[in-house]
Amino acid sequence: MAKFHSTADPYIVSRVRALESLLMEKGLLEPGMVDAVVARFENDTGPMLGARLVARAWLDPEFKRQLVTDATPCLEAFGLNGYDLLVILENTPDVHNLVVCTLCSCYPWQVLGLPPTWYKSPPYRSRAVLEPRALLAEMGLIVPEAKEIRVWDSSAELRYMVLPERPAGTAGWSEEQLAALITRDPLIGVALVPTPAGAGPA
Amino acid sequence: MAKFHSTADPYIVSRVRALESLLMEKGLLEPGMVDAVVARFENDTGPMLGARLVARAWLDPEFKRQLVTDATPCLEAFGLNGYDLLVILENTPDVHNLVVCTLCSCYPWQVLGLPPTWYKSPPYRSRAVLEPRALLAEMGLIVPEAKEIRVWDSSAELRYMVLPERPAGTAGWSEEQLAALITRDPLIGVALVPTPAGAGPA
Amino acid sequence: MNGVHDMGGMHGFGPVEVEQNEPVFHWDWERTVYAAISGPMRRGIFNLDAFRRGIESMEPVHYLRASYYERWLETIISNLEEQRVLAPGELDGRIVDLTANPDLVVVTGRPPAARLAMLPGFRRPALTPARFAPGDAVLARNRHTAGHTRLPRYIRAKRGAVHAYRGCMVFPDSNAHGRGEAPEHVYSVRFEAAELWGESGGRREAVYIDLWESYLLPAEER
Amino acid sequence: MNGVHDMGGMHGFGPVEVEQNEPVFHWDWERTVYAAISGPMRRGIFNLDAFRRGIESMEPVHYLRASYYERWLETIISNLEEQRVLAPGELDGRIVDLTANPDLVVVTGRPPAARLAMLPGFRRPALTPARFAPGDAVLARNRHTAGHTRLPRYIRAKRGAVHAYRGCMVFPDSNAHGRGEAPEHVYSVRFEAAELWGESGGRREAVYIDLWESYLLPAEER
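Keeping their order, the protein sequence lines are chains A, B, C and D. First residue of the first sequence: 655, per my numbering; consecutive thereafter. First residue of the second sequence: 655, per my numbering; consecutive thereafter. First residue of the third sequence: 11, per my numbering; consecutive thereafter. First residue of the fourth sequence: 11, per my numbering; consecutive thereafter.
No lab work stands behind these hints: they were computed from the structure. Hints are supplied without guarantee of correctness; some may be wrong.
Stated by the list, open to error - Under the rule of at most 20 Å between Cα atoms (straight-line distance), these lysine to aspartate or glutamate pairs were calculated in the EDC-like manner: (1) 718(B) - 744(B); (2) 680(B) - 92(D); (3) 801(B) - 209(D).
Quantities reported herein were computed from a predicted structural model and do not represent experimental measurements.
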């Protein structure tokens with residue numbers, strides 16, 4: 655894992671410290687700004703908003719129709735105003751969607767938080783477009799040959815989030831219960847939302 | 655220059671020493687074999703044979719015709735027997751030839767000796783096929799826009815050597831005199847054979 | 011730029027390695043770097059496209075060895091130096107000063123005047139009608155610029171079909187080099203795996219990618 | 011294999027740096043590595059295509075950082091280990107032994123029996139007639155194998171014209187993987203720069219490259 659991993663290399667740390675002090679001196683970074691800027695990711699680390707959008711879409715057909723057509727009003731319903739670059743990709747029995755950014759690491763952080771390191775790593779970026787089925791199998795998701803895989807390469811400022819299929823065993827669940835079941839990986843397209851332990855058929 | 659350069663890294667040296675001793679133990683390397691194998695390159699480091707082929711071709715039209723058609727008999731005239739993979743590329747007033755190997759570093763060492771480091775480096779390998787004219791200009795050779803550049807990417811076992819144009823100021827020169835004027839770079843295609851200092855018009 | 015950052019379709023990087031329970035940041039310096047872009051960007055010192063250009067311009071081995079936030083650090087520094095907000099040697103000088111005196115007190119300065127009146131967001135009014143419509147067959151241009159581009163190599167000279175119109179947006183190939191926003195229509199284009207990868211492409215697989223209008227030609231032209 | 015070794019057309023590696031009066035070898039260990047391939051190759055332990063495959067299989071950063079003869083060293087070791095001529099850990103063990111005892115006396119052993127009756131050279135008799143002739147319009151296949159190939163990315167799916175027939179030769183894509191020599195006809199094919207690089211290609215520039223028959227299709231097919 656070390657290969658693509660972060661480091662506390664003293665040279666890097668010294669450069670960052672020097673840069674920070676110069677930016678403050680030049681009025682480009684204010685005291686307390688680092689904590690303020692990163693607070694939302696550190697306090698709200700998971701794909702909270704994404705999970706809530708999906709949970710509501712599973713329960714409310716009209717919300718879902720709106721979400722996959724134009725997500726902007728749906729985001730406003732959850733307090734994220736004026737963001738018109740999110741595109742929701744609906745998984746179906748025939749289509750599985752997968753999100754990548756081959757050129758850098760674009761990611762829908764507005765709804766999923768900051769991306770995990772593997773999403774930003776050369777193995778994921780290089781292979782997702784060339785051999786998505788093999789890559790997903792390696793990551794634990796077998797997509798049947800009969801199902802189409804659509805890979806979305808985030809080359810512009812549009813951001814993509816997958817609307818996964820609702821798992822069996824969740825009939826009658828509330829929006830909050832459903833949202834708690836939804837983790838990050840299915841919203842990128844590298845996993846399914848799991849059927850709850852002990853659930854019978856839907 | 656350090657970027658693509660050789661190294662005496664102690665770890666590498668220790669691996670080579672261990673490999674050498676294991677190969678000797680297994681009968682795959684004999685004492686004295688290293689000196690014997692590299693002797694020809696260390697004692698005959700320049701593009702000796704290439705220079706002699708070119709000098710003779712400049713003086714003997716029939717030899718040149720044979721050289722550019724099928725170099726094998728010409729090589730035999732200089733003691734290299736049975737090598738039938740060399741192709742000679744004739745520069746003309748209309749065509750300039752350039753040799754590269756983008757995938758590794760294939761090189762006509764039978765006639766030019768071992769390749770220089772720059773030939774094996776990423777800058778040369780990457781740029782020769784995409785922007786040969788700019789690359790050659792950087793290396794000091796301006797190829798006029800009107801002249802076609804043919805880049806030969808040595809992807810198979812064929813090996814390529816350029817037959818450069820004979821410079822002005824060499825009328826009446828002997829084969830030995832001409833051969834001494836011919837250095838490695840014009841035979842790769844990254845330079846011209848220079849007009850001798852003090853020479854008048856041909 | 012045909013750089014090592016343009017990774018779509020490469021082999022050889024090995025398996026995807028997942029860190030369980032990964033923290034948002036691994037080190038304090040990563041938090042600082044994350045926050046350091048916002049001041050310069052809000053003041054118009056560099057834009058997001060120039061930020062990406064700076065990352066792509068890293069020496070290839072450095073790029074591949076660097077962690078994600080190391081790349082951010084490099085491009086922040088190189089962009090600030092390009093824009094003369096950092097003088098040559100200023101950063102190294104400060105490293106020396108801080109090493110000699112770790113408790114060096116930094117006086118917080120007043121922000122510089124904004125350089126450019128940067129418009130918010132990426133959408134811009136369209137000045138020309140869109141050339142393509144959903145369903146149109148298109149051919150991605152075979153263009154190998156040494157500058158910044160968002161047209162990856164694996165898409166070039168391939169045929170696809172317009173899936174959706176995305177709006178008119180700032181053009182990175184221009185904006186990254188300080189040559190203006192030059193907005194263009196953007197389209198989501200679908201490319202079949204068999205078109206991109208030939209016999210190596212999977213069955214029932216396709217890539218969707220957002221491409222600016224000048225990256226595209228009608229499929230008839232070639 | 012779409013690896014970092016496949017460099018044709020890449021940007022970002024900087025200018026060509028020429029070392030004046032470069033020696034044939036810079037260090038003694040390079041001489042040893044140069045000579046070390048001949049014994050194993052003559053005994054059929056690995057062939058030139060497997061040798062190249064071993065280099066291409068290096069981790070990308072390692073490949074880019076390594077000097078030319080470091081790459082040779084890596085592929086010699088990995089090929090000898092693949093072929094069980096070196097046991098797992100044997101090389102590291104010898105490093106330890108030599109560190110402990112630099113004057114370790116090595117007994118020269120007897121050469122092993124040849125593994126394969128390797129035929130000399132690369133040319134082989136043709137079993138089928140050549141499919142193409144000089145002047146034929148051809149299309150390079152768009153094939154992205156994870157294995158060894160001598161069809162570089164920048165040529166794939168491009169149209170060219172056969173310049174010359176080169177003979178029937180051992181096929182690297184097979185031979186590199188121990189799947190036999192599977193000889194094929196080889197052709198020198200000319201590709202115009204405008205075909206390879208579109209508008210970025212130079213005028214009056216062309217690339218000639220030697221391609222095996224199965225890399226090519228008649229230009230009509232697509």
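Results for each hint:
A threshold of 20 Å between alpha carbons decides the hint, and for residue 718(B) with residue 744(B) the separation of about 9 Å falls inside it, so the pair holds. With a C-alpha separation of about 16 Å, the suggested pairing of residue 680(B) with residue 92(D) holds against the 20 Å cut-off. With a CA separation close to 19 Å, the supplied pair residue 801(B) and residue 209(D) stays within the 20 Å bound.
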